[in-house]
Amino acid sequence: MSQGLETFYDVIRRRGVSRRSFLKFCSLTAASLGLGPAAASQMAHAMETKPRIPVIWLHGLECTCCTESFIRSAHPLVSDVLLSMISLDYDDTIMAAAGHQAEAILEETLEAHRGNYILAVEGNPPLAEDGMFCIPGGEPFVNKLKRMASGASAVIAWGSCASWGCVQAAKPNPTQATPIHKVVTDKPVIKVPGCPPIAEVMTGVLTYMLTFDQMPALDRQGRPKMFYSQRIHDKCYRRPHFDAGQFVESWDDDNARKGYCLYKMGCKGPTTYNACSSVQWNDGVSWPIRSGHGCLGCSEEDFWDRGSFYSRLEDIDGFGVEANADEIGMAAAGAVGVGIAAHAAASAVKRVIQKPDSHTRRPHDGSDQA
Amino acid sequence: MSSQYTSQEALKEVDALAAKQQSIYVYEAPVRLWHWVNALAMTVLAVTGYFIAEPLPSTAGEASENYLMGWMRYIHFSAGYVLAIGFLGRIYWAFVGNKHARQIFVLPVWDKDWWKEIVFEAKWYLFLERDPKKYVGHNPLAHLAMFGVFVTGTILMILTGFALYAEGAGQDSLHYALFGWVIVLFGDSMQVHTWHHIGMWVLIIFVMIHVYAAIREDIMSRQTMISTIVNGLRSYKDDRP
Numbered sequence: 001m002s003q004g005l006e007t008f009y010d011v012i013r014r015r016g017v018s019r020r021s022f023l024k025f026c027s028l029t030a031a032s033l034g035l036g037p038a039a040a041s042q043m044a045h046a047m048e049t050k051p052r053i054p055v056i057w058l059h060g061l062e063c064t065c066c067t068e069s070f071i072r073s074a075h076p077l078v079s080d081v082l083l084s085m086i087s088l089d090y091d092d093t094i095m096a097a098a099g100h101q102a103e104a105i106l107e108e109t110l111e112a113h114r115g116n117y118i119l120a121v122e123g124n125p126p127l128a129e130d131g132m133f134c135i136p137g138g139e140p141f142v143n144k145l146k147r148m149a150s151g152a153s154a155v156i157a158w159g160s161c162a163s164w165g166c167v168q169a170a171k172p173n174p175t176q177a178t179p180i181h182k183v184v185t186d187k188p189v190i191k192v193p194g195c196p197p198i199a200e201v202m203t204g205v206l207t208y209m210l211t212f213d214q215m216p217a218l219d220r221q222g223r224p225k226m227f228y229s230q231r232i233h234d235k236c237y238r239r240p241h242f243d244a245g246q247f248v249e250s251w252d253d254d255n256a257r258k259g260y261c262l263y264k265m266g267c268k269g270p271t272t273y274n275a276c277s278s279v280q281w282n283d284g285v286s287w288p289i290r291s292g293h294g295c296l297g298c299s300e301e302d303f304w305d306r307g308s309f310y311s312r313l314e315d316i317d318g319f320g321v322e323a324n325a326d327e328i329g330m331a332a333a334g335a336v337g338v339g340i341a342a343h344a345a346a347s348a349v350k351r352v353i354q355k356p357d358s359h360t361r362r363p364h365d366g367s368d369q370a
Numbered sequence: 001m002s003s004q005y006t007s008q009e010a011l012k013e014v015d016a017l018a019a020k021q022q023s024i025y026v027y028e029a030p031v032r033l034w035h036w037v038n039a040l041a042m043t044v045l046a047v048t049g050y051f052i053a054e055p056l057p058s059t060a061g062e063a064s065e066n067y068l069m070g071w072m073r074y075i076h077f078s079a080g081y082v083l084a085i086g087f088l089g090r091i092y093w094a095f096v097g098n099k100h101a102r103q104i105f106v107l108p109v110w111d112k113d114w115w116k117e118i119v120f121e122a123k124w125y126l127f128l129e130r131d132p133k134k135y136v137g138h139n140p141l142a143h144l145a146m147f148g149v150f151v152t153g154t155i156l157m158i159l160t161g162f163a164l165y166a167e168g169a170g171q172d173s174l175h176y177a178l179f180g181w182v183i184v185l186f187g188d189s190m191q192v193h194t195w196h197h198i199g200m201w202v203l204i205i206f207v208m209i210h211v212y213a214a215i216r217e218d219i220m221s222r223q224t225m226i227s228t229i230v231n232g233l234r235s236y237k238d239d240r241p
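Sequences listed follow chains A and B, in order. Per full-length UniProt numbering, the very first residue in the first sequence carries number 1; after that it's consecutive. Per full-length UniProt numbering, the very first residue in the second sequence carries number 1; after that it's consecutive.
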């Protein structure tokens with residue numbers, strides 16, 4: 001590939017995609033990004049004229065579920081388009097090159113496209129012991145990450161690992177696994193959380209960045225608004241059962257078969273920002289709640305450390321095993337109630353014992369009355 | 001005794017007492033009104049809030065025929081607005097009302113005597129003092145609790161409550177523009193939920209102690225308590241200092 005000069009349109013035409021299909025893709029993508037009809041032609045124009053943007057995809061401490069999700073992007077054209085649209089110069093999991101040959105590409109891109117390439121990071125760097133817990137290509141991952149981030153135009157944090165830390169950062173986090181935005185502080189970091197993120201969300205974010213040459217609008221936590229501005233609960237198809245007060249009370253009850261709300265089973269939908277309830281998974285085949293299980297909240301920060309997946313409230317440390325705010329509160333209120341009763345009894349005793357010439361005595365109820 | 005204690009004699013006694021005892025107008029009408037509206041709102045909020053977190057047993061029939069959680073949340077949100085607007089009104093009255101209206105919002109931490117009085121009141125509640133003192137507004141210990149638990153707790157509940165409401169209202173909503181920062185401050189939605197629950201229990205415990213202390217003081221102290229929040233007047237049972 002000539003370094004970034006070929007346009008996306010050139011590539012897909014060469015691959016035999018018709019112009020008609022290309023335009024269809026543009027309008028489809030524009031619609032899925034919620035951009036309206038005018039954006040489709042804008043998108044088509046961008047793809048016809050702009051050179052493909054190089055993307056470097058690094059892997060730190062991770063399980064590759066993000067890549068697995070990404071390459072299964074449901075709409076066939078989307079996956080095809082994306083893999084040709086981005087010039088995925090380096091991705092150590094799916095690239096053909098290996099060893100020194102592969103690592104050389106990193107340095108090449110850093111020099112040739114300094115300031116222009118997008119750094120996509122899957123997983124995160126462990127900082128303990130000078131980063132010795134993750135050494136791809138003979139070098140601590142944290143060093144590699146910082147070096148590649150220095151020349152990137154923007155950084156995408158794929159998945160919950162890169163965005164929040166995820167399982168390897170769960171307590172006690174022995175390797176001190178640290179999310180990307182705490183290591184790369186001088187570049188814009190786009191968080192695309194989820195374990196893994198939805199394929200269409202990943203491709204959607206990339207498509208937006210490549211066609212419009214700008215960052216998608218981010219929410220206050222740095223997630224693209226177009227996919228993370230609503231909670232699972234807000235768009236859940238079981239929401240009417242929630243509003244009606246109809247819940248699955250136990251996993252094997254009739255309500256579970258009727259598809260009632262999983263709130264009482266600890267569903268984290270009301271606190272989880274993701275697009276599962278609208279985009280769904282695997283080409284709209286299903287998604288967790290539709291398959292009858294509550295949301296785990298995998299795209300939320302520290303979801304591993306929030307107590308049971310089957311409890312609505314998180315556990316609070318320092319109050320014994322598995323105590324949540326309501327259990328602690330109720331116990332405290334009970335203790336205070338007992339205390340008040342005891343205090344009231346002691347007060348009554350004090351009143352009885354204290355001599356009648358005390359302060360509360362009124363002139364007319366004393367002995368001078370007689 | 002009753003035969004000798006005529007109504008005329010009683011009147012004479014009341015006159016004699018009135019010469020010595022005076023009532024002080026402490027809680028102006030807006031403060032009293034706010035107190036009771038707020039008490040009602042808190043009760044409604046605690047009950048509906050608890051049942052939002054721990055829903056009642058499932059309703060029967062079609063979802064379209066039921067709206068139990070919907071109503072629960074609707075009442076909760078409405079009461080939340082009543083509480084929040086009432087609280088704003090109460091802050092306004094702290095500026096324009098009498099000096100007692102300001103008391104719960106300011107702690108005189110610079111005042112050494114105030115700290116001594118807190119120790120005295122603590123000892124009174126621990127049965128280490130035989131006789132209580134007179135106070136016009138809140139006694140210093142109550143003052144500390146009002147500010148440290150009630151005012152702080154109410155602010156926490158208003159902020160976290162409206163932040164949670166903003167999540168439902170959406171990121172383009174005015175609520176989110178005003179309260180979205182709270183979610184970032186606490187970390188995420190789950191943390192805000194947790195603090196909203198903790199805040200409820202703190203306020204429930206506050207109310208338990210508040211009601212108990214008010215009744216106890218009404219009986220054991222040298223001044224009126226319960227009638228004061230009804231008619232605004234603080235009366236004293238004796239004329240000693």
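Treat the hints as calculated values from the structure; they're not laboratory data. Any given hint might turn out to be false.
Straight line, CA to CA, 27 Å or less: simulated DSS-like cross-link-like pairs of lysine-lysine [stated by the list, open to error]:
id, chain 1, residue 1, chain 2, residue 2
1, B, K237, A, K350
2, A, K350, B, K99
3, A, K225, A, K258
4, B, K99, B, K12
5, A, K350, B, K123
What follows is a set of in silico ranges between Cβ atoms, one per label pair, in the way DEER data are often shown [unchecked claim]:
id, chain 1, residue 1, chain 2, residue 2, range
6, A, A342, B, T152, 51 to 61 Å
7, A, D283, B, E62, 51 to 61 Å
8, A, S286, B, I91, 47 to 57 Å
9, A, D213, B, L174, 50 to 60 Å
Note that CB positions come from ideal geometry on N, CA and C, so glycine has one too.
Against the structure, the hints:
1. B:K237 <-> A:K350: OK: K237 (chain B) and K350 (chain A) at ~19 Å, within 27 Å.
2. A:K350 <-> B:K99: violated (34 Å)
3. A:K225 <-> A:K258: Not satisfied, since the Cα-Cα distance of roughly 33 Å exceeds 27 Å.
4. B:K99 <-> B:K12: violated (35 Å)
5. A:K350 <-> B:K123: holds (14 Å)
6. A:A342 <-> B:T152: 51 to 61 Å: violated (27 Å)
7. A:D283 <-> B:E62: 51 to 61 Å: Since the Cβ atoms of D283 (chain A) and E62 (chain B) sit about 31 Å apart, the hinted range of 51 to 61 Å is violated.
8. A:S286 <-> B:I91: 47 to 57 Å: holds (51 Å)
9. A:D213 <-> B:L174: 50 to 60 Å: violated (32 Å)
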